[in-house]
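In order, the protein sequences belong to chains R and U. Just so it is clear: in the first sequence, position 52 is 52 by the working numbering, and no numbers are missing. Just so it is clear: in the second sequence, position 229 is 307 by the working numbering, and no numbers are missing.
These are calculated hints, taken from the structure and not from any lab test. All clues given are correct.
If we take Cβ atoms under 8 angstroms as the criterion, some of the chain U residues that face chain R in the derived model are:
hint : residue
1    : MET88
2    : ILE135
3    : ALA157
4    : PHE198
5    : GLY203
6    : THR229
None of the values given here were measured: they were computed from a predicted structure. Heads up, the beta-carbon is just placed ideally off N, CA and C, and yes, glycines get one too.
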Amino acid sequence: MPAPLTVAAAQPATVAHGVAINAAVHADTVRAAEARLVVFPELSLTGYELDAEPIALNDKSLTPPVEACRVTGSMALC
Amino acid sequence: MKDNAGRPQMVMLGIRGGGIEVVYRKTWLGGGETAGFAPGDGPAVVELDGWRIGLGICKDTSSPEHIAGTAALGVDAYAAGLANLPEELSEQESRASLIAKTCGAWVVFASFAGPTGGGFTESAGSSSIWSPDGLRVAQVIPEIGAIARATIGRSSRLRRPLPALGGCPVAARTWPDLCKGPLASYTALSAMRIGPIRFLHVVALALGVGLLAVLVPGTVLASQGAHLPHTPLKAPKPYVVAIDPGHGGYDPGAISPFNQLEEKNVTLSVGLDLRQLLLAQGVRVVMSRTKDVYVSISQAEAVAVNNHANLFVSLWVNDWTTASLEGVTVFTPHPSDTAFANAVDSAMGKAISPYGMGNRGVQPLPRLWVHATMPTLTIESGFMSNQQDSALLAQPAFRQALAQGIANGILAYAPQIPALHAQEIAYQAAHAKALAASKLAAAQLKHRSSLGGWMTVLALTAVLLFLALYKDTLGRSLRWSFAEARFRLPIAARASFLGFQRAVTPRPQNNRARPQRPSGRGAPRSTSRRAASRNQRPQWRTEGPGTRPRRVAEMVRPDERHRQRRGQGSVYDDLSL
Chain R
1 MPAPLTVAAA QPATVAHGVA INAAVHADTV RAAEARLVVF PELSLTGYEL
51 DAEPIALNDK SLTPPVEACR VTGSMALC
Chain U
79 MKDNAGRPQM VMLGIRGGGI EVVYRKTWLG GGETAGFAPG DGPAVVELDG
129 WRIGLGICKD TSSPEHIAGT AALGVDAYAA GLANLPEELS EQESRASLIA
179 KTCGAWVVFA SFAGPTGGGF TESAGSSSIW SPDGLRVAQV IPEIGAIARA
229 TIGRSSRLRR PLPALGGCPV AARTWPDLCK GPLASYTALS AMRIGPIRFL
279 HVVALALGVG LLAVLVPGTV LASQGAHLPH TPLKAPKPYV VAIDPGHGGY
329 DPGAISPFNQ LEEKNVTLSV GLDLRQLLLA QGVRVVMSRT KDVYVSISQA
379 EAVAVNNHAN LFVSLWVNDW TTASLEGVTV FTPHPSDTAF ANAVDSAMGK
429 AISPYGMGNR GVQPLPRLWV HATMPTLTIE SGFMSNQQDS ALLAQPAFRQ
479 ALAQGIANGI LAYAPQIPAL HAQEIAYQAA HAKALAASKL AAAQLKHRSS
529 LGGWMTVLAL TAVLLFLALY KDTLGRSLRW SFAEARFRLP IAARASFLGF
579 QRAVTPRPQN NRARPQRPSG RGAPRSTSRR AASRNQRPQW RTEGPGTRPR
629 RVAEMVRPDE RHRQRRGQGS VYDDLSL
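The task is simple: from the sequences and hints, build the whole structure.
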C-alpha cells in the first residue's frame, strides 16, 4: 500500500458556460481543499450543459487551476 | 474535448505540476449524451504518489463492465465526477459502496451540487469518500461549495475481496439495480470480485436452513418418542400360602420308635410336595424352610405375616405316649379359622382314607400361631408313636397323598385361586407384550436421539460456517450502521437547519443566482487557527459550509476580476437571468 493520500471531493458553484469563472473557482477550491488529490463533479468547468463549446487544453481560461495545482502540489480531476 | 474523428467527448482533465491532460474519456454515456458525444475507449488509470487511481464519469459508475474493467486494472482508489438528481442520492451511495468493495479500492465521488443544465434544477451533491470495504468515511451535505476530505490508506480495516473460487451465475454477482449494462460481456474478473462471496453465502445459508428444517421435525419426533408406552395393566394380587414344615436342623422333632423316622424330614417332604401342588395351581408359596435347618416358631410366623400370606399351614407329626392313638388332626388357633380347617380336614381325610389312616377332625389349639393374622392351621399328620402311622409316613406316596389332600382343601376353601391364576397368566402375557413394545420404543428413541444429536451437531456446524462466512458482512453491517449514524445525523441536522433557513429567507426569483448565496456563509477562520485545529482533528472529517475555509467563501472574487477585466457589470447580468 502506498503512503497515505489526502483526497478531497469538491462540489463547487458553477456558472453555465462560464468556463473562465468556473476555472477560477476551481483554482480557489484546489487551494482551499489542501489535498493531494481534488476531484470535481462531472462537467464542472462548463456546468452540465451538453451544448457547451468543447474546451481546448490550451484554453487560457484553464490557467488559474493549472497554476493553483502547480503551487499547491495538488492534482485536480475535473 | 474531441476525439480523433473530431466528435466531442466528455472527458476528465488531470491538472498537476503546471500541466493539463485528458486522463479519462466517458465511455458509458447517459440518455441525452449519446446524440452529441462519442464514447471513450474504456477504463483508465492515473498514477499519483504510487497510487493507481481508477477513473469514471457519472453513468460509468453504474456499468458492471466499467467496474469490472477498472478492477482488472488493479486500482488502489477510484475517482469519479458525478451529476445526479437529489432523489438519486441513495443510488449514488450504493454505487460508491459497490465499486469500493468490487475493486477493493477507496472511492472518491465528487457530485454536482446546486442547479445546472441538462434538467438538473437541483442536484444531489453529498460528495463522499468510501473505504475499500464499502464504508463511508466522509460525506458532505448537498450544499454548494462543501468539500469532503479524508486521508486514505491508513485504515487497518482495509480488506481485499476474497480470491476467486469459481464462477456462478452472472445475475448473482451484480447489484440488482446496477445491472443496466450488457451482462453478456461481464468479465470473469468481476465474478472473482463479487461472485464467490455471495455464492458461498448462499450455499451456507441454504445448508443452515435445510438442516434446521430437518432438525426441527426430527426433534419433535424424538420428543414424541420420549413417551414410552408404559404397561397399562396392573399386576393382579397373587394368592399367597405360607407353609411351615415343623422342626428341622438340630431339632428332629418326634422320632418313630419303629422305623426311626424323624418328624423334621416328614414335614419337609410333605411341605415341598404341597408347594409343588400349589404352585401348579398358580398359588404363590412362601416357606419357612426348604432345607434341613431349624426355624423358630416366631420366625415361621414372621415369614407368613411379612409375605402377606392369605393362608398359613404349619406341618407337624404328632407323638404320644399311647401308641394306639393314630390319624390326622387339624388344629386352629382362632375360632374364625374353623371354615378353613374344616375344608382342609375334609379334603385331607378323603385323600388318606385309602391308606387306612384315620381323621381325628378339627380341634382348637389357642396357644400356637396366636399372632398370625391370616387363617392358620396346624396339621398333625398322624402319630410317630403309632406303628401304622409311622409306616405310612415313611411312604413317599402317602406323603404325596397327604400333600394332595391339603392342597385340595386349600383350593376348596379358596375357589378364587384358578381365576386369579388365569388373571396372572393373562397379565404375564400382556406384560411381556408391553415390555417388548417398550423395548422397541426405547430402541427407536435411542436411534432418534442419536439422529437428533447428529442433526444438532450438523446444524451447529452449519451455523458456525454461516457465521464464519458472514463474519465480514455482519461486522461490516455493524460498522456500517455506526458509520451511517455518524454521517447521517449531522448531515440531516445540518440539512434541516439549512432548509429552515431557506424557508425563512426570501427566495430569489431565479435559481441560477443561488450558487453564489452560500458564499456569504461560514465562519471565517484564520489560517493559523485552522492549521492548529487540523493537527487535532480525527482521521476522517466531514467538511460542510460551516467549516468551509475562508478562501472558498471568497470565491466570488474571480467573478469580480472577470467583471473588471471586461469593463462590464456583474457577470450574472450576462446570463440573462
